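Construct all of the structure, not just a fragment, from the sequences and the given hints.
Chains as they are written, first to last, in this note's numbering: chain A, 1 to 189; chain B, 1 to 189; chain C, 1 to 189; chain D, 1 to 189; chain E, 1 to 189; chain F, 1 to 189.
In case anyone wonders, no lab produced these hints; they're calculated from the structure. For clarity, every value in this text was computed on a predicted model and none was experimentally measured. Just to be clear, a hint being listed does not mean it is correct.
Which copy is meant is left open, so a pair is good if it fits within one copy or across any two.
With a straight-line cut-off of 27 angstroms between C-alpha atoms, the simulated DSS-like cross-links for lysine-lysine are [as the list claims (entries may be wrong)]:
#1 68 / 48
#2 48 / 31
#3 103 / 31
#4 48 / 130
#5 27 / 48
#6 103 / 137
#7 27 / 137
#8 31 / 137
#9 48 / 103
#10 48 / 137
#11 68 / 27
#12 130 / 31
#13 130 / 27
#14 68 / 130
#15 68 / 31
Number of protein chains: 6
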Amino acid sequence: MTISERATALNLQQTQLSQGTQAYFDKCREKLGLVPNVLVAYAFDETKLRAFTDMYNDLMLGDSPLTKTEREMIAVAVSSVNHCYYCLTAHGAALRQLSGDPKLGEQIAMNYRAANLPPRQRAMLDFAVKLTETPDKMEEADRQALRDAGFDDRAIWDIASTASFFNMSNRMAAAIDMRPNDEYHAMAR
Amino acid sequence: MTISERATALNLQQTQLSQGTQAYFDKCREKLGLVPNVLVAYAFDETKLRAFTDMYNDLMLGDSPLTKTEREMIAVAVSSVNHCYYCLTAHGAALRQLSGDPKLGEQIAMNYRAANLPPRQRAMLDFAVKLTETPDKMEEADRQALRDAGFDDRAIWDIASTASFFNMSNRMAAAIDMRPNDEYHAMAR
Amino acid sequence: MTISERATALNLQQTQLSQGTQAYFDKCREKLGLVPNVLVAYAFDETKLRAFTDMYNDLMLGDSPLTKTEREMIAVAVSSVNHCYYCLTAHGAALRQLSGDPKLGEQIAMNYRAANLPPRQRAMLDFAVKLTETPDKMEEADRQALRDAGFDDRAIWDIASTASFFNMSNRMAAAIDMRPNDEYHAMAR
Amino acid sequence: MTISERATALNLQQTQLSQGTQAYFDKCREKLGLVPNVLVAYAFDETKLRAFTDMYNDLMLGDSPLTKTEREMIAVAVSSVNHCYYCLTAHGAALRQLSGDPKLGEQIAMNYRAANLPPRQRAMLDFAVKLTETPDKMEEADRQALRDAGFDDRAIWDIASTASFFNMSNRMAAAIDMRPNDEYHAMAR
Amino acid sequence: MTISERATALNLQQTQLSQGTQAYFDKCREKLGLVPNVLVAYAFDETKLRAFTDMYNDLMLGDSPLTKTEREMIAVAVSSVNHCYYCLTAHGAALRQLSGDPKLGEQIAMNYRAANLPPRQRAMLDFAVKLTETPDKMEEADRQALRDAGFDDRAIWDIASTASFFNMSNRMAAAIDMRPNDEYHAMAR
Amino acid sequence: MTISERATALNLQQTQLSQGTQAYFDKCREKLGLVPNVLVAYAFDETKLRAFTDMYNDLMLGDSPLTKTEREMIAVAVSSVNHCYYCLTAHGAALRQLSGDPKLGEQIAMNYRAANLPPRQRAMLDFAVKLTETPDKMEEADRQALRDAGFDDRAIWDIASTASFFNMSNRMAAAIDMRPNDEYHAMAR
Chain A
1 MTISERATAL NLQQTQLSQG TQAYFDKCRE KLGLVPNVLV AYAFDETKLR AFTDMYNDLM
61 LGDSPLTKTE REMIAVAVSS VNHCYYCLTA HGAALRQLSG DPKLGEQIAM NYRAANLPPR
121 QRAMLDFAVK LTETPDKMEE ADRQALRDAG FDDRAIWDIA STASFFNMSN RMAAAIDMRP
181 NDEYHAMAR
Chain B
1 MTISERATAL NLQQTQLSQG TQAYFDKCRE KLGLVPNVLV AYAFDETKLR AFTDMYNDLM
61 LGDSPLTKTE REMIAVAVSS VNHCYYCLTA HGAALRQLSG DPKLGEQIAM NYRAANLPPR
121 QRAMLDFAVK LTETPDKMEE ADRQALRDAG FDDRAIWDIA STASFFNMSN RMAAAIDMRP
181 NDEYHAMAR
Chain C
1 MTISERATAL NLQQTQLSQG TQAYFDKCRE KLGLVPNVLV AYAFDETKLR AFTDMYNDLM
61 LGDSPLTKTE REMIAVAVSS VNHCYYCLTA HGAALRQLSG DPKLGEQIAM NYRAANLPPR
121 QRAMLDFAVK LTETPDKMEE ADRQALRDAG FDDRAIWDIA STASFFNMSN RMAAAIDMRP
181 NDEYHAMAR
Chain D
1 MTISERATAL NLQQTQLSQG TQAYFDKCRE KLGLVPNVLV AYAFDETKLR AFTDMYNDLM
61 LGDSPLTKTE REMIAVAVSS VNHCYYCLTA HGAALRQLSG DPKLGEQIAM NYRAANLPPR
121 QRAMLDFAVK LTETPDKMEE ADRQALRDAG FDDRAIWDIA STASFFNMSN RMAAAIDMRP
181 NDEYHAMAR
Chain E
1 MTISERATAL NLQQTQLSQG TQAYFDKCRE KLGLVPNVLV AYAFDETKLR AFTDMYNDLM
61 LGDSPLTKTE REMIAVAVSS VNHCYYCLTA HGAALRQLSG DPKLGEQIAM NYRAANLPPR
121 QRAMLDFAVK LTETPDKMEE ADRQALRDAG FDDRAIWDIA STASFFNMSN RMAAAIDMRP
181 NDEYHAMAR
Chain F
1 MTISERATAL NLQQTQLSQG TQAYFDKCRE KLGLVPNVLV AYAFDETKLR AFTDMYNDLM
61 LGDSPLTKTE REMIAVAVSS VNHCYYCLTA HGAALRQLSG DPKLGEQIAM NYRAANLPPR
121 QRAMLDFAVK LTETPDKMEE ADRQALRDAG FDDRAIWDIA STASFFNMSN RMAAAIDMRP
181 NDEYHAMAR
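Rendered as structure tokens:
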């Protein structure tokens, strides 16, 4: 594997990937056209890489009462609050692509309040953004607002865990200066 | 398994655990004297439970240039900023126990600046707390401060990923009103 | 009087206490088992010590429509917002003791929203915490919320003055690095 | 005593003042030309009135390494951060009067950074304002900055206690909507 | 033109004013008794001076559903949030003068919530202050609150543009340390 | 002129434009391929439109020690802090175009700290962002940092006035829900 640009400000890249990781990266290239730099960053330790991808894949690609687009909306709205360059770039691209609506993707990356969202999705992002900004102030009333918008407890779990996950990822990217693949910028414009 | 008190405000508990999960919970009871409620909360979906425990166990119990006590210090300092009742209770207990210094555990739960920490650990928590409060403002100078305090890039990764993980966990606990096991309160006082 | 550990980062301790102060400190030892370090800190100047104790004793021990436990709840909730190590330690112990409910004491020290409080006490702490965080934004609606929860104007005065007092004490403790007596940590666990 | 305008939004005024309080209020009228409304507010309870005036008089009028003008500068700078209408009005007037420099008084009421202060007073207000805004972040370095500016530990105590006191008073005034005497507005312009 | 005191911390004053600017300044002296230092500051470049005065004069003196006093109330309330020494001084004077109510002027300069405003003006300042503090959180509900208070869309434009203008002016004054004319301090007390 | 989509949430569009405005809009269409919606929004009042365009054109297109690209960098960095959908869209496009570096434009729109800027431009944006976030805390040291980075007082004026202008524009756009032209999204990707 040759990585033309360093994926992070830390010096931890592996010279030799295991066969399993190599195969996983090949699959990424085939399906996405690239190996996301976050995976390159985690690849120095296969246990960490696998823990990250297991959680990520279940959260963003697994069964859920939320559509994949809705999960990307949460990813992008949270990353906007945290001004995360990596996640806004990578998940902004994913949201433009999945939604088929590049303008919507930009709006949520800039300020989700500017998007003309249906009440259900607006409630979902209000919850995700409050959880991001003031986790200490979450209350039953916040969960109730989601129930009132039509989400059941299973869906609330997924809204909560997706928003929480990107509060982790945003910070990880900021802490180690993770750099997104350049290809994302032009995708699905 | 009987859970006397509901673990979260959400209604997602499984009636039937798989053999594997049952065995894992038995091991928790044997080693810790309890099944942490966070695991009970995740048990409604075994994929999510496993992804969570894989990441958690690698992070907090796996090989690292950071001691286990230092990782708990990060967990508690981050949870203090976020005022997370679950994590301050559970990881406060762990920190009192691991450090053998209940007063230190309390100090970090209340305000890590009140603890008389060696410069290395102070730098570690300064980084973790800045990453928690203003992830958008992290810079090379913050990483350099860790290097100056004696941490190499591998250690910086672990400081970053531990602090980031608890920014996820704190929010998950807040979002679903996760309740810690009562036993933690009296532990290691 | 020998003080084994310095009470603050400032160098102001009196070598010789007056008879009156000595008697007061003896009474503290008898009733509390210790002389609170805040009193040791103020003892360098007997006028200041007396002004502080007069205000404190009236506020926390005098007649009031609030119970002593409720006043300690305010002390601890305010100190939690301000992350005050001294007051969380000393008044956390007092709240655990007075309420007879160590878990409740911990919850309020960590995040009062995690405690299952009756509406009256929840309204009381909402007011105290808003007053702590954004005093410039207090309005008649905030007082009305207390009246709606059953408090009369006399009780509002005491909620206001207790929350205000700890905004003073928290800052005094932070400014001079006041250290709580070690004994508090293990009390009423 | 007739109070033409209610002193606070609370309904707690005493109809009958004790001889001692009456005498104290007469002395205020003689020396200041008015009875400060804060005293009228506290007069419903003589113990509270006395505790407040004892602390206030020692702090603002007693012996101190700080001049009375410097103490008023702290009062006003803290009240500016907290946007306290009562204290900015009453102590703004006092600062204009004591300093003999109405413009300086206005500058500190609006933004102390706009005043051309000598380094000693600038350091004093930097400490007071940081203590007001982020008490949890005070550190030895903040005390050292005061020592570097020429303050000894006794003076640091007074800077700390004055700033802390007005964080109490500002909140008390906000909580009960305390109204300053109209006369202050035109004083010492 | 002789300017006794430098108007800003920057060194950009023109030695020679054009006839047009000289005439404009003469008119200021005649009508206001002074040339506002903001104009002196901009005078180094006549294009900038004219762009500034054209916008300012239309906004503050032109036709509007808002009275001139209401526009000054917005100017002062916004400047209070931003702690702008220049604008609080100059527009505080204007508001005292135009309203004929020096106390009202002081209240809005200190904390507009302390003024007993009619609901219409209170709604107007609530909008202006939210726009100042959290522009990213403005929503249709905020415009609707203005409509409910009796403002039409034309009036909303003027509330919005006045509040926005002073968010520019406050920052310009802060950035270059613009100093108000001393005369303002004593005006209309 | 037909405007297919309403430019703002307010109902103020003119049915009939003057010849001068019509000519100006025709020129916009010729040079930019569109009439920026901000101009459509202001067109209900030609005095306001002209005041806005005069200030804007001098600031962004007039003579300056700053390049046009640098001025757009300030516009975008300020708009990122304020999460302004209109300005991030319109000036994001302008910055991508002028810089010839779409990735740089995205970085500054998301978090300018992620861009690898030369020290001069980094200092410029640090100043603009501090002025945006905490105008009350600007000091001589901030101006000195610009001088140390090679800017003279004339350049400091332009950095200050550009950053200040977009703090106005961002708020105006937020207050009236100004919608950018759709064409910007795809420009210069």
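| task | Can you give me the call for residue 68 and residue 27, within, between, both or neither, at a CA distance of at most 27 angstroms? | result | Answer is within: at 20 angstroms inside a copy they meet the 27 angstroms cutoff, but 36 angstroms across does not.
| message | At most 27 angstroms between alpha carbons: which applies to residue 68 and residue 48, within, between, both or neither? | response | both (24 angstroms within a copy, 17 angstroms between copies)
| query | Between copies, within a copy, both or neither: which fits residue 31 and residue 137 at Cα up to 27 angstroms? | reply | Answer is neither; intra-copy 40 angstroms and inter-copy 34 angstroms both fail.
| field | Alpha-carbon proximity context of residue 48 and residue 103, limit 27 angstroms | value | neither (35 angstroms within a copy, 29 angstroms between copies)
| Within a copy, between copies, both or neither: where do residue 130 and residue 27 come within 27 angstroms Cα-Cα? | neither (36 angstroms within a copy, 37 angstroms between copies)
| Given a CA cutoff of 27 angstroms, do residue 48 and residue 130 count as a within-copy pair, a between-copy pair, both, or neither? | Cα proximity of residue 48 and residue 130: across copies only (24 angstroms, versus 29 angstroms in one copy).
| query | Using 27 angstroms as the alpha-carbon threshold, which applies to residue 48 and residue 137: within, between, both, or neither? | reply | Cα proximity of residue 48 and residue 137: across copies only (25 angstroms, versus 31 angstroms in one copy).
| field | Within, between, both or neither, where residue 27 and residue 48 count as close if Cα-Cα is 27 angstroms or less | value | both (19 angstroms within a copy, 23 angstroms between copies)
| query | Using 27 angstroms as the alpha-carbon threshold, which applies to residue 27 and residue 137: within, between, both, or neither? | reply | neither (42 angstroms within a copy, 35 angstroms between copies)
| How would you label the pair residue 48, residue 31 (within, between, both, or neither) given a Cα cut-off of 27 angstroms? | both (22 angstroms within a copy, 24 angstroms between copies)
| message | Within, between, both or neither: how does the pair residue 68, residue 31 come out at a Cα-Cα threshold of 27 angstroms? | response | within (16 angstroms within a copy, 39 angstroms between copies)
| Taking 27 angstroms as the upper bound on the Cα-Cα distance, should residue 103 and residue 137 be classified as within, between, both, or neither? | For residue 103 and residue 137, the Cα distance is within 27 angstroms only across copies (20 angstroms; inside one copy 32 angstroms).
Hints 7, 8, 9, 12, 13 from the earlier list are contradicted by this structure; the remaining hints agree with it.
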